[in-house]
Every structure is written in structure tokens, then in C-alpha cells.
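S.K.: Dock chain one against chain two, each of which comes alone in its own frame, and use the hints as you go.
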Amino acid sequence: MKSYILPVTLAVGGFVAACTSNVPPPNDQWSAAQVAVGRAQAGGAPAVPDAKLHLQLAQEDLQKAKALIGSDNRRAGTLIVLASTEAQLASTLAQAAQAGDEAQQARESLQKRGAQ
Amino acid sequence: MSRSIGIRTSATSVKLGLFGSLVPLLLVGVGCASQHMPPPALTEAREEFLRAKNGLAMQLDPTDVHEADLALQKAEQAFRDEPDDPSTMDLAVVADRRALLAESQAAGLHSQQEALAAKQQGATMTAEQLQNARGQLGQTQQALGQTQMQLQEQQAASAAQAQQLADMQVKLKDARDTIAKIAAVKDDDRGMVITLQGEVLFKTAKWDLKAGAMAKLDQIASVLKGKEQPIVVYGFTDNVGAIDMNMDLSQKRATAVRDYLVSKGIPQDLIGSEGKGPADPISDNNSIEGRASNRRVELVVKPKTR
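Note that the protein sequences, when read in sequence, are chains S and F.
Following the numbering used here, the numbering of the first sequence begins with 1 at its first residue and continues without gaps.
Following the numbering used here, the numbering of the second sequence begins with 1 at its first residue and continues without gaps.
It should be emphasised that the hints constitute simulated quantities derived from the structure, not laboratory data.
It cannot be assumed that every hint is accurate.
As the list claims (entries may be wrong) - A partial selection of chain S residues facing chain F, derived with a Cβ cut-off under 8 Å: (1) G70; (2) S71; (3) L79; (4) L82; (5) E86; (6) T92; (7) L93; (8) Q95; (9) A99; (10) E102; (11) A106; (12) L110.
Stated by the list, open to error - Derived lysine-lysine pairs resembling DSSO-like cross-links, with alpha carbons at most 27 Å apart: (13) S:K52 / F:K53; (14) F:K216 / F:K252; (15) F:K171 / F:K206; (16) F:K225 / F:K171; (17) F:K119 / S:K112; (18) F:K216 / F:K304; (19) F:K74 / S:K64; (20) F:K225 / F:K304; (21) F:K302 / F:K276; (22) F:K181 / F:K203; (23) S:K66 / F:K74.
Glycine residues also receive a C-beta, built at the ideal position from the N, C-alpha and C atoms.
This is chain F alone, in the form it adopts within the complex (with noise of 0.2 Å):
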């Protein structure tokens, strides 16, 4: 804008020059007031008003503009009219002034609309974010409630695996009550212990079940089926006699009573057989009813291992 400083002050020096060519001008002739060089005010308000007619001022302000071209127009014909009045440069000076008006307020507007731009990209910018933030938070919900449906399928099945369990506590138990009915029952750290007296199941010396014997095996063997629970079926004898016929004796009724068990449906990959002779006597053998209780089979239920 140093510019119109310029033009101001060469606008004055120009008066100043103008007066002092003034008296060589009418020495050489007064009826050629035509051939006055315009002065550089009015060069320069011609310049100006181009440049704001050229540049964004018509653009964006074209009232301004026309403005500036009538004050161009006056200057021009004051110029033409009276080119060595004062009042003449003052209209020069005005049409300048005119044509940068136009232009600072075209550069107004423009910074303007720059501002509203920028604003809008700003207001642009945040939609986005609020946009993306929006679909990570339906992301985030979408996963919570997958979450959620997960956890209440692993409450269900839990809920479920409890009540099986439960379930096959109560069997189990009905198991054991249906059993203590025809066996003495007991539980050690082998597991459930049924025993069953050898005078129950086997004639003395022999081997082969007897026909009551296999009655309380069929309801044994009704409740043991299905269960899936290993099973050792340990034979005992007293301690009277050999000690190799009472191993052999109580390997033989095990057996028996292992094959029995199996031929009812207990799984024979289940269900082994051990004769343990005298071993382990639950009774004196001192008295006959020691010996007796000590003549024995034992179904030892393990618990399940699957």
C-alpha cells in the first residue's frame, strides 16, 4: 500500500511542478490545453482502476468497481476540461482512491470467504470424526452383545453340566441305596466297596454261582450298567487250607462273578477280576463267624476316570 503514498505525494509534487510549468505552458501557447501530459495522479488512479478492473475486485465487488470507473470518467473530464485546476488532481487523486477501494474491499470478501472455507472444512472434519467414532462405538456394542451371547451360553451349558452332575449324583445315590438293599456297602479310598458273602454266592470249594447269587448280581450288575465306572472284582477266602487251592479258589469265584457281571452288560473292557486268598481279612478267623464274613467278594466301583 506504499503505492498510494506515492501517488499522494507525486500528486502534490505535481501540483507544485504544475504550477511552475504553467507560465512556460502559456507562454507557448494557450489555446493547447490538449496537449497536456496527464498528470501522474491520473496515470496512476488509469493504473489502478485496470488493476482492480483486471483483478479479484471484479470479481467480487463490481459495484465498487463501477464506482471507481465513474470517478475515473470525472477525472478524466476535468482533465480535458481544466487540466491545470487544482480541483482536477483532487478528482485524480479521488478515482485512485476509488479503484483501491474497490480492491481492499474485493480483498475483504476474499479473506472472507477463506475464513468461511476453513470454518466449513473444520465443521467437515468433525462430522468425520463424529462419524467414525459413532461406528467404533457400534462396533464396540456389536461386540459386547456377541459377549454377552457368549456368556449366557456358557451360563446355560454350566447351568446344564450342574444339573447333570446333580443328576448323577441322585443316581448315583439311588444306585447305592438299591445295592445296600442285598450287599453290605461301604466307601474306602478304593472307591465304593460292595461285598457280598461267599455263602451267598458259591457252594464250599465250588466256583459256580448259585441261582440266588445270581439274582442279587442281576440287580447289581442293572445298576452298574451304564455307569462307565471301572470295576475290580476281588475274591477272598478264609485262611483254612492251602494257601495256593484258597488262591486258586478265590481267582476262580472272581472270575465267575466277573464273567456273570459281563454276560448282564457291564463292559468287560471295564471290569477285572483278582483272587486274593486270605489276604486281607475283614474278620478274626479265629471263629467260624469270622471265617465266614472273611469268605467274601468284593466289587470295588471306582470312580469314573473319564
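Chain S on its own, in the form it takes in the complex (with noise of 0.2 Å):
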């Protein structure tokens, strides 16, 4: 009887331990992805239509991911990655549109001056 207790008991035990325990839950990857988030925001994402709908994207992401916290990290774990990577498009996406005003400005100035 005592023969097989033990390796069944460290068979479900090490069953239990990989499915519930086997990632711990990812708080500080989400808090680190809000952050990528909230730089988003104020880098002008808001304002540029494209950085606009991938900087909402990643706030969908982030509550998904606050949802399965406990219950699924794993899952979690790869949403929280991918709002971190939609924010950063976001901003990346702000900073291109900016700068590709700041090229059209000096284009239409140097367009100007030669005209003159």
C-alpha cells in the first residue's frame, strides 16, 4: 500500500504544480506594459490616427490580461506582450507621423525660398 502512495502523491502533486504553479502571475510585466502605455499617451499617439487605434488596442490587451491574472498566466503573460508591443507601435507610429510633418515643413520652406 505504501508502495505506490508516495510516487502517486509526487505524481499528482508535480501535476498540480506544473499546471497552476508553472508561471507565476506577470504583475510586474503588466505594470511595466501600463507604463508603455500611459508614454504612449502623452508621446501624441492620441493625435495620430494609426498610433490612435494600436494605443486602444493595448489598453484592451492590458484588461484582457488583468482578467486571467490567477487564472490563466500563461495566457496573461503573452497578452501583457503584446499590449507592450502595440503601445510601443503607437508611440513609434506618433514619433513617424511628427517627424514626417517636420519634412513636409522644411520641403514646402525650401519650395518657398526657391520660388523667391
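M.R.: What follows is the structure, given as C-alpha cells:
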């Protein structure tokens, strides 16, 4: 009797451990992603349509991830990575739009002077 | 960028679709996971990565392209390991976003380069304009310098002319003073008039010059010589005697004086002679003194015409 209780206990315990505590709750990652979202908001993303879209997607992913933390940490983790990436993309798109505007202005300024 | 929306919505629909297709797939064979079709999100991510790798992003932002590569590899690995796991879809979208990020980062850098180039070109234009303006300024300064030099030359020339004029006036006065010592000098509308008494120059009814007359005429000639002023010698008589004889005598006397002055260096083309006879008396012919002063020779020195 004792001879198989221990292995079974170990096996069951190992299975439970693998399923529940294999991936720790990604709370730190979630906070970091939220910082990235804040940075995109401050960086002018809401004013650029493409950037605004990805900012919204980032926020949605963050919400989904928050709801899954504890019950499905693994999925929550990939959603957080996705949210963080969306936020970074939003920031980059906003910066690219600003750089494009500046280039446009510089070109127009040059054309005006050339026409003089 | 509407493409990225499509990716995301298609990714969601794929997730739903996969749940639907999961049941028949499981029924066909659990061991055939490798025969899964790659989800559209992964396909999109692969295509997006290729665009980034073959486009501007690879030139301008290789680091982010590398990140996108790693993200794609991770998504591919997840697809091989757990094709049906929702996290696999997340990672495919992450890979797609990484590629997009690299591309937009490169686009931003490209715009910055363009702006810089335009500003540099503008600065070059400004430098050229400045150069041109400097060149024009230099030319203007040179022209101004030349004008100033010409002005100085003109001022010097007019100062020299003024000096010459003053010198001439002094000489003229000297000449006049010299002549005034030996003859009566006055100015009228004909010019400077030098009057010599007939008795001083000639014997009665003669027209050959006395020795004393020659000495006086020598002095006058030396003063008038070189002045280059036209001179007319007029001979006058009193009203005694026939008019023809007086006209003839006055002409001969005037000519004698003229010829003598020519012989003393007065240019002959500048000096003429004319006999006026008893015309234009300067005194009363009824007195001896009056007639004596009417018998005279006048040298009219006209103002210089040249």
C-alpha cells in the first residue's frame, strides 16, 4: 500500500504544480506594459489615427490580461507582451508622423525660398 | 495602416474559427498537429517581416528588424509546439507588430533625414545668397572707390584750372601795369585799349616810327607777346586836311605799328590794322591840345577767344 502511495502523491503533486504554479502571475510585466501605454498617450499617439488605434488595442489587451492573471498566467503573459508591443508601436507611429510633418514643412519652406 | 486593423480582426476571427475547427481536427487525428495550416495572423506576420527585411527598415533600423525576426521565430516555435493555443495567436500578432514597428521607425528616421537635408539645402542657399551679396557689395565698393578717385582727379584738375586762371589774371594785371607806365590804358566794350600819342610815334605827316616809339612798342610787344589775344591797331588823325589824305595816313601809321609789333614776336594772324582817319575823336579838334590828343594810335587788345 505504502509502496505506491508515495509515487502517486508525487505524480499528482507534480501535475498540480505544473498546471498552477509553473507560470507566476506577471504583475510586474503588466505594470511595465501600462507604463508603455502611458508613454504612448503622452507621446502624442491619441492625435495620430494609426497610433490611436494601436493604443486602444494595447489598452484592451491590458484589460484582458488583468482579468486572466491568477487563472491563466501564461495567456495573460502573452497578452501583456502584445499590449506592450502595441503601445510601443503606437509611440513609434506618433513619432514617425511628427517627423513626416517636419520633413513636409522643411520641403515646403525650401520650395517657397526656391520660388523667390 | 488599415492593413494592421485587418490583421487584428482576422486574428480574432481566426481564434473563433479555430475553436470551431478544433473539434473536426481532433476527430481526424490528434497526432497530426504538424498538418495545421498556419493562421492568417502568422502569415501576415511573415509577410510583414519580409517587407521590413527587404525595405527601408533593414537599412535604417536593423536592430528593430532583428527584434521582429526574434518575435517571428518565437511565434513560429509556438505554432509548431502549440498551434491551437490562444497564446500562439498573441505571439503571431506580436511578431506582426514588431515588423510594423521596425518599418514605422525607419519611416520616421527617413523623414528626419529628409528634413535635415532640406534644412541643409536651405542653409546652403542662404550661404550662396550671402556670397552673392558680398560679391555685389565688393563691386559697389570698387565702383565707389573709382568714383571717388575720379572726383579727386576732377577736383585737382579744377583746382589747377583755377590756379591757372588766377596766374593769368595776375599776369594780365602785371602786363597792364607795365603798359600803363608808358601809355594810357583803359577798358571799353572792345577790350583793353592802349592809346599812344601820334607825336610820340611819328613825325608830322610821316608813318615811319621814331626811335623812341620803337622802345615803347618793344615794351608793349614783350608784354603782349605770348598772350595769344587778338589785337587790332587803329590809326586816328585830327580833322585838319583832306579826309582821303588823313585816311591814308592813319592806315599807314596803323600798319607801321602792326608790322613793328609782328617783327617783335606778336603772331601776325592775331594782329590787324585799320585806318580810321578823323573818326571817333577823343578831344575837341578846335584846340591845339585837343587835336594833339586826337592824333593817336590805339591798340585794342580783345579778350582771349580760345
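S.K.: All hints are to be evaluated individually against the structure, with a verdict given for each.
M.R.: Status of the hints after comparison with the structure:
| no. | hint | result |
| --- | --- | --- |
| 1 | G70 | violated, 16 Å |
| 2 | S71 | violated, 13 Å |
| 3 | L79 | holds, 6 Å |
| 4 | L82 | holds, 5 Å |
| 5 | E86 | holds, 6 Å |
| 6 | T92 | holds, 5 Å |
| 7 | L93 | holds, 5 Å |
| 8 | Q95 | holds, 5 Å |
| 9 | A99 | holds, 4 Å |
| 10 | E102 | holds, 5 Å |
| 11 | A106 | holds, 4 Å |
| 12 | L110 | holds, 5 Å |
| 13 | S:K52 / F:K53 | holds, 26 Å |
| 14 | F:K216 / F:K252 | holds, 19 Å |
| 15 | F:K171 / F:K206 | violated, 35 Å |
| 16 | F:K225 / F:K171 | holds, 12 Å |
| 17 | F:K119 / S:K112 | holds, 13 Å |
| 18 | F:K216 / F:K304 | holds, 23 Å |
| 19 | F:K74 / S:K64 | holds, 22 Å |
| 20 | F:K225 / F:K304 | holds, 13 Å |
| 21 | F:K302 / F:K276 | holds, 18 Å |
| 22 | F:K181 / F:K203 | holds, 22 Å |
| 23 | S:K66 / F:K74 | holds, 23 Å |
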